Amino acid sequence: MTEKQWDSVINVDLKGAFNCIQAVVDIMINQGSGVIINASSITGIYGNIGQVNYTSAKAGLIGLTKTLAKELGRKGIRTNAVAPGFVETPMTGKVPEKFIKMTIEKTPLRRLGEPIDVAYAYLYLASDEAGFVNGAVLGVDGGLVI
1 MTEKQWDSVI NVDLKGAFNC IQAVVDIMIN QGSGVIINAS SITGIYGNIG
51 QVNYTSAKAG LIGLTKTLAK ELGRKGIRTN AVAPGFVETP MTGKVPEKFI
101 KMTIEKTPLR RLGEPIDVAY AYLYLASDEA GFVNGAVLGV DGGLVI
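The sequence shown begins at 1 in my numbering and counts up one residue at a time.
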């Protein structure tokens, strides 16, 4: 992996999240409430071969999430992350069928995720029903990493 490849992913996934948070955090502090939900991945929890830049960025987002949960929680701002597993998208459509079958076999729910599964996780974390959830990393992986 080149430094350029490393920087490209770190800048988008980790620094991009930092910049977005910086753009809104003062407003949230002034209003005394807010919700930040970072887009991590299960690979940020357990790693993945051939994706050191991506998994490092996603692991960094978990650290950012937990630290901001502690720093901003006392200001009424909840910070959490969603960590999807293997979700059926056009991008994952390029993955070899052998790998997909292996993933399904290892997943207790015996299927791949769907985009709506991930959307519902974000919806929950943004809702008042998650009003006491702070610093959590919500895995949306069908139980793959348990």
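Don't read these hints as lab results, they were simulated from the structure.
What you are looking at is a predicted structure, and each value in this text was computed from that prediction instead of being measured.
Be careful, since some hints might not be right.
Unchecked claim - Lysine to any residue pairs mimicking SDA-like chemistry, simulated, CA-CA at most 20 Å apart: (1) K75 with G139; (2) K94 with L64; (3) K66 with C20; (4) K75 with P115; (5) K75 with D128; (6) K66 with N19; (7) K101 with L144; (8) K98 with I49; (9) K106 with E71; (10) K66 with K94; (11) K66 with A17; (12) K70 with K98; (13) K106 with T92; (14) K75 with I29; (15) K66 with E3; (16) K101 with G32; (17) K75 with K4; (18) K66 with A23; (19) K75 with Q22; (20) K15 with L64; (21) K15 with E3; (22) K101 with P115; (23) K66 with K4; (24) K66 with I37; (25) K106 with K66; (26) K75 with L64; (27) K66 with V133; (28) K66 with G32; (29) K66 with P84; (30) K70 with V145; (31) K101 with A119; (32) K66 with K101; (33) K70 with A136; (34) K70 with V35; (35) K70 with K94; (36) K4 with G60; (37) K15 with E71; (38) K94 with P108.
- Message: Run the distance test for K66 versus N19: straight-line Cα separation, threshold 20 Å.
- Response: holds (17 Å)
- Quickly compare the C-alpha distance for K75 and G139 to 20 Å and report which way the hint goes. Roughly 26 Å between the alpha carbons, so the hint for K75 and G139 is violated.
- Taking 20 Å as the top limit, are the C-alpha atoms of K101 and G32 close enough? Violated. K101 to G32 sits at ~47 Å, over the 20 Å cutoff.
- Item | Given pair status - A23, K66, alpha carbons within 20 Å | holds (19 Å)
- Query: Hey, K70 versus V35, does the alpha-carbon distance stay inside 20 Å?
  - Reply: holds (13 Å)
- CA of K98 to CA of I49, is that 20 Å or under? Satisfied, since the Cα-Cα distance of roughly 17 Å is no more than 20 Å.
- Task: Starting from K70, check that the Cα of V145 is at most 20 Å away, please.
- Result: Between K70 and V145 the Cα gap is close to 25 Å, so the pair fails against 20 Å, i.e. violated.
- Holds or violated: K66 to A17, with C-alpha atoms at most 20 Å apart: Between K66 and A17 the Cα gap is close to 14 Å, so the pair holds against 20 Å.
- Task: Compare the distance between the alpha carbons of K66 and I37 with 20 Å, and conclude whether the hinted pair is satisfied.
- Result: holds (11 Å)
- Item | Hinted pair K70 and K98, Cα distance within 20 Å | Measuring from Cα to Cα gives roughly 42 Å; hence the hint is violated.
- Are the Cα atoms of K101 and P115 separated by 20 Å or less? holds (19 Å)
- Taking 20 Å as the top limit, are the C-alpha atoms of K106 and K66 close enough? violated (28 Å)
Figure legend: structure checked against the earlier numbered hints; hints not met, in rising order: 1, 2, 4, 9, 10, 12, 15, 16, 17, 23, 25, 30, 31, 32, 35, 38.
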